[in-house]
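Chemist: For reference, the chains in residue letters:
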Amino acid sequence: MDNVLEIKNLCKDYGKFHVLKSITLDIPNGSIFGLVGRNGAGKTTLMRILTGLSEPTSGTYSLAGIESSDKKILSVRRRMGSIIESPAIYKNLSAYDNVKLQYINLGMTSFESIPDLLELVDLQGTGKKKAGKFSLGMRQRLGIAVALCGKPDILILDEPINGLDPQGIIQMREILLRINHERHTTILISSHILEELSKLATHYAFIEKGEILQTLSSSELMGKVRKASRLKVTSTERLCPVFDRECIEYKVEDEETLDIFTDITASKVVALANEANVEVISITDNNESLEGYFMNLVAKRDGIS
Amino acid sequence: MICSLKSSFYRFVRTGMLTKVLVFSALIGLAVIINTCLDDMMMYLIRRPRYVDNTFIITNVLKLVYVIPFASAVFCSVFTGSEISMRSVNNKIATGITRFSVYLSELAVSVVATVLSVIVSFAAIFLFAKYVPVKENVKINKQIILLVLSVTIICIAFTALFLWFQLFFRHKFIALACSLVMALTVVTVSPVIGGLLEEPYRYYVMTDEETGTYEWRANPYYIGGTLRNVLTFVYDSSPYNFDSVTDLNRFPQAAVTAGMIFVLTSATGMVSVKKKEFL
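Order-wise, the sequence lines are chains A and B.
Under our numbering, the first sequence has 215 at position 215, and the numbering climbs by one with no breaks.
Under our numbering, the second sequence has 254 at position 254, and the numbering climbs by one with no breaks.
Same shape as in the complex, but just chain A:
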């Protein structure tokens, strides 16, 4: 089976408001699938439907080959772990008890693997400390541990790095990569922090106003993002007329900085700078970010509509 999750024409309406408009999406097995979209784009609604927390107005999805309309979907859901919006944990219980409760929910009778699971998310030393006294990062990691109970085939994570400090973000990234590499767990993840998402995801879906704008793999994305070189010079003002003459595509950032989008060698740049009597201070790669790509995509869509 190539896709662990297949979504077909999924729609969700709240009254007259169409939150999801015929979403079709395939999540490849073993991938880290980044769902990119602005607030209110429909990411959480889509994830809530996939986890059974909400019912679609129309359309279907299949999880591990089982259709959502099939009664077997309830048992297949045991192969799915999730965090939707915030980790659903009991603040008045320890990390161990929180995980044990999820084991019980899953019908598991052996609890020997709980310490290993807590170690995986770096919560092994928390003892009887109540989850309510955990830092936000610890709570997020506990949420991941709860989601990982029963070794799920797919993890659905809605904003798992929201509110984390830089160290927490790095820790979370390492945990997710480890889970994906060691357990081959497919991860469907959404995040506002696109730079962070770009360090994780192998595939992307861009969602805006309940519609999927584009889906592509990270290698396809790399081929599509605009390559740029950032030039630091003594004066952009004198350099621009020379670049215009040579039909070089560029964008001025400030008096000393500009981005060149045309594929051009460093020696040619230096030669043109000399011609304009401008000194080149530095030339660095400054490729378009995931955020920039997404914003361009949204701008194109809005331009069309």
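No lab work stands behind these hints: they were computed from the structure.
Incorrect hints may appear among the rest.
Stated by the list, open to error - Here are the simulated DMTMM-like cross-link-like pairs (lysine to aspartate or glutamate), alpha carbons at most 20 angstroms apart as the crow flies:
id, chain 1, residue 1, chain 2, residue 2
1, B, 275, A, 55
2, A, 71, B, 277
3, B, 276, A, 97
4, B, 275, A, 13
5, B, 276, A, 13
6, B, 274, A, 70
7, A, 268, A, 291
8, B, 20, A, 97
9, B, 274, A, 13
10, B, 6, A, 97
11, A, 16, B, 277
12, B, 275, A, 70
13, B, 276, A, 85
14, B, 6, A, 112
15, B, 274, A, 55
16, A, 151, A, 196
17, A, 199, A, 211
Place chain B on chain A using the hints.
Modeler: Using the frame of chain A, we list chain B on its own:
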């Protein structure tokens, strides 16, 4: 279903809720005893508690229906309300446990907590009555067993209603407020209905002071017809209209009505929870 039940009872024990219910229920029993003793001391010239007998036990057990529903409202808020507000209920649903099972397991824990509460409170009352020095012949008889059973059913009916509030209101504190207001309304409405029902059909009034003429006039506050039947049923079914132990023969009706309320509320909850989208 079994997983959901196990999970709910595990949480009931591990969060310390079971211990709190037991301790708090014993305290309720003691508070009720102290209240009765103080009432007696105010009432009798000798300014000491009356001799403790079976009537003392019955008086105290009757008072439990005034206290336990309020405690039950708080329990439902802390136990079930937290499950909803902390979104941990989502963990159950996302693992394929049906909403129906979630409802049943929450109901089961709440009912067990309420039953334990009644039993422990009653035990505190009975042990006090059994071992206090001024006791008379105290023993559990059929009347007391039926009374405790009735009180239990009445409290369980309240619990089912409070659980319904907790599951269907988004904020647990709003649900708790609604539960407390409802319990308070049920407690206070009985005397009001009693007063309305006692209004005479007609009254004798002097129409002419000089001649001293009296005549019968219809009482505009008298309630008749179907409304009277409904109010009479509500009054007779309410557990809050027993002024004395002599009224006890009406208590089973209150228990039967409470049982019906429990069944109806639970059935409604089980049906409506199937479509519920927890946030």
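Chemist: Are the hints correct? Go through all of them and say.
Modeler: How the hints compare with the structure:
| no. | hint | result |
| --- | --- | --- |
| 1 | B:275 x A:55 | holds (9 angstroms) |
| 2 | A:71 x B:277 | holds (19 angstroms) |
| 3 | B:276 x A:97 | violated (27 angstroms) |
| 4 | B:275 x A:13 | holds (15 angstroms) |
| 5 | B:276 x A:13 | holds (16 angstroms) |
| 6 | B:274 x A:70 | holds (16 angstroms) |
| 7 | A:268 x A:291 | violated (30 angstroms) |
| 8 | B:20 x A:97 | holds (19 angstroms) |
| 9 | B:274 x A:13 | holds (19 angstroms) |
| 10 | B:6 x A:97 | holds (13 angstroms) |
| 11 | A:16 x B:277 | holds (18 angstroms) |
| 12 | B:275 x A:70 | holds (17 angstroms) |
| 13 | B:276 x A:85 | holds (18 angstroms) |
| 14 | B:6 x A:112 | holds (18 angstroms) |
| 15 | B:274 x A:55 | holds (11 angstroms) |
| 16 | A:151 x A:196 | violated (25 angstroms) |
| 17 | A:199 x A:211 | violated (24 angstroms) |
In the structure shown, a violation is registered for the earlier hints numbered 3, 7, 16, 17, in ascending order.
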